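Hey, can you work out the whole structure from these sequences and the hints?
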Amino acid sequence: MSEPILMKGNEAIAEAAVRAGCKFFFGYPITPQNEIPEYMSRRLQEVGGVFVQAESEVSSINMVYGASGAGGRVMTSSSSPGISLMLEGISYIAGAELPCVIVNISRGGPGLGGIQPSQADYFQATKGGGHGDYKLIVYGPSSVQEACDLMVKAFDVADKYRNPVMILGDGMIGQMMEPVVFPGVTSESPALEKPWATCGNEGREPNLITSIHLDPEVLDAHNWKLYEKYKAMERDEVMYESYYEDDSEWFLVAYGTVARICISVMEKMRKEGTKVGLIRPITLWPFPKAAFDEVVDSAKGFLCVEMSTGQMIEDVKLAVEGKTPVYFYGRTGGAVPIPRNIEERVLDMISGKVPVVTDYFDNIHGGGGA
Amino acid sequence: MKPVYLRPKSLTGTVTHYCPGCTHGIAHRLVAEIIDELDMQGKTIGVASVGCSVFAYNYFDVDFQQAAHGRAPAVATGIKRVHPDKVVFAYQGDGDLASIGAAEIVHAAARRENITVIFLNNAIYGMTGGQMAPTTLPGQKTTTSPFGRDTAGQGYPLRMSELLSTVEGAYYIARCSLHNAANIARAKRAIRQAFSNQIQGKGFSMVELLSTCPTNWRMTPGKALEWVEKEMIPVYPLGEFKIGEGE
Amino acid sequence: MNHRIIMAGFGGQGVMLIGTLLTYSGMREGKKVSWLPSYGPEMRGGTANCAVCVSDRPIASPVVTEPSAVIAMNLPSFDKFSKILVTGGSLIINSNLVNVENIREDIKPYRIPANDEAVNLGSERVANMICLGGLLGVEGIVSIDTVIEALPEVIQERYHHLLDLNEEALRCGYEMVQEMK
Ligand SMILES: Cc1ncc(C[n+]2csc(CCOP(=O)(O)OP(=O)(O)O)c2C)c(N)n1
Ligand code: SF4
Ligand SMILES: [Mg+2]
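Protein sequences appear in the order of chains C, A and H. Residue 297 in our numbering sits at position 297 of the first sequence; the count goes up by one each step and never skips. One gets our numbering by counting positions in the second sequence from 1 and adding 1000 to each. One gets our numbering by counting positions in the third sequence from 1 and adding 2000 to each.
Rather than coming from a laboratory, the hints here were simulated on the basis of the structure. On a predicted model such as this, the values are computed, not experimentally measured, just so you know. Treat each hint with caution, since some may be false.
As the list claims (entries may be wrong) - Pairs of lysine-lysine, DSS-like flavour, derived with a Cα cap of 25 Å:
(1) C:268 - H:2032
(2) C:271 - H:2031
(3) C:23 - A:1230
(4) C:268 - H:2031
(5) H:2083 - C:268
(6) C:160 - C:225
Below you can see the structure in the form of structure tokens.
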């Protein structure tokens, strides 16, 4: 294993992409992910790749469409408002079955919002965002190392399914420095054969990249074909981590950077004798229902902690199917849940002091917490 | 004692967040002076774009809307169509207007939308920390053109005033500079013209202002002003590119 | 060990650099580390800060809400972060820019005239290193030799003519706090 390098999340993500063989980057500046395009503008030149600063995110994602359709290993990155602009293109990319990686180092919204870390793009990422019946595989890394590992995986998974893959981080992952060890891949790693790509039809029938199917029968068949693909992803691509699932009655549920904060709460409370466990989805879509199946019968409650007013909690509730109460704690707009407040909320849950979340507006907000 | 220099009524007096030596502040002052001189303070609606001037609404003592990145001319169009008798201006940076908002500005001009656009060209993305803009000069180093803007692959500076002056609908297009007193005075005359046109119902008017970004150019304020004169003006010649054709 | 440190000052005082240096040194010693900066327009002329964690165990949360030590290089940083320091925690104060009488009694303050000392050494720019030296002197965290060895790897090459000065500054801060302990 090589020596760890201390790197900022954004730069490490970019380097991991280069090592995964990404040769094409199209993007547009936006805080807090600017280090990704800035790094790529230097680094891709060294490996014979191409960096283009597009005139907007609308253009970035359509450049990605073109490059992917032409067989290139391609990515873009942005942050929440920019991803919103990309949704049309993402829908087209999913429809045309093109592989690519999209990084969202998300920030607080809605609108221009703020630039501090947030998880309020969960719905956008996992429920479609753009129009039509499509899905992205969405990874929610919780450390710089994991972001790098998933980055490499993302390109392979995208190629495997011919589907866009999203890395959903937040400003904290992007801006923090942690030691990373890069996986042993290099930009020389062999790219998959892409016989469907448009690269000139010398010696074969022309290839076509498109998402238009005006005949309802054809579009119906196309959508069911996509559906089968998504089912395969649900079967084969789920990733999560469970902590103390064997002896816990109470579970924290969190992803990304918030999961780390919850881990520190869990460890402290365990030391003090409270049997708390944790479920950390790594794939946000496909959502790791299996993690809940394993514990739902013995669990007394789940506390979902997010930097949003409550988005992933809907998937948690679907996963537990009403068998166990689900509680919520959230901060938004760049306010980060702090361990003390999470711990209080766990104790409230255990003592029955907070209501079970039965509908959206029951979500307990974190306002007032220091 | 007679005061010789007062804060325009249309500025709030809030201390701006702009960096030392940044000419966004001068542009604000000129616009506010014209709003005062035309006695339009209570009748003006501003549109703030996304860039360092996103907080312009804190400094102008008039109604404001804050628009999505690049969309200020569309937002201004919406406002103007509801209030044709009010003065509506958009204040945009070069990334906002010439990059992501290139479509909106062209079509506002094509419609001869009766609005005024103040276009701050500092050849860089200021707010996001100094990335390349479409207006960045060939060879200019930015954080996304670390080896200097290479016209092969990264293209050439977009001259928005020249481009828009070819649009039949555009009524008044001028480019001025904020690098010294004489040019600031000229800029003020152009801004007055642009607002007067709107009041007279003449249609789309835009004033481009060559502006400094000492922070991201990594220069002292004084050097930055020199850079505008020596490097920017040769690429972006000053003058009125279009004056009032059409009815 | 589980050190959770906040370093704060004006943009330009070099708090991000000393944070990086400490993080890098921790990594060099085989410890688990993280570095989380404040970012955005707040940096422009305002205060900048970073949170550094150095621990034997994996860092659960890189967000430091209850620091075990704080370096406050200017007054706004002192105001903001001295409040959240844990009881018994160490507060390294740049006393040239933080001139305060009343400091919480349940913490350990170390007043270092970092700007003056830096000027004496040859450049005000190394006030940050003096503060870091002070932190190492009271908290340990990593050995000062590791930090000195890390200097050339963290500081940009075009400033390598200043490596000796940085080393002197680290040692100066380190020595100064010995007498205050
Ligand atoms: C859709 C979207 N993409 C990107 C951004 C990030 N962003 C904020 S300001 C800015 C550029 C501003 O540059 P410019 O218009 O030249 O204004 P300046 O700061 O230089 O005055 C960008 C890209 C955003 N807010 N929204
Ligand atoms: S970053 Fe540049 S444009 Fe923005 S306020 Fe500072 S000097 Fe002005
Ligand atoms: Mg600009």
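### Message
Checking one constraint from the list: CA of residue 2083 (chain H) to CA of residue 268 (chain C), max 25 Å. Satisfied?
### Response
The given pair, whose Cα atoms are some 23 Å apart, holds under the 25 Å limit.
### Task
Sort out whether residue 2032 (chain H) lies within 25 Å of residue 268 (chain C), counting only the CA atoms.
Roughly 18 Å separates the two Cα atoms, so the pair holds.
### Message
For residue 23 (chain C) and residue 1230 (chain A), compute the direct alpha-carbon distance and say whether it is at most 25 Å.
### Response
Outside the cut-off at roughly 38 Å; violated.
### Query
Holds or violated: are the alpha carbons of residue 271 (chain C) and residue 2031 (chain H) at most 25 Å from each other?
holds (22 Å)
### Query
When you check the alpha-carbon spacing of residue 160 (chain C) and residue 225 (chain C), does it fall within 25 Å?
It holds: about 15 Å lies between the C-alpha atoms, which stays within 25 Å.
### Query
Would the pair residue 268 (chain C) and residue 2031 (chain H) pass a check requiring their Cα atoms to be no farther apart than 25 Å?
Distance ~20 Å between residue 268 (chain C) and residue 2031 (chain H) Cα, so the pair holds.
In this structure, only the earlier hint numbered 3 is contradicted, and the remaining ones agree with it.
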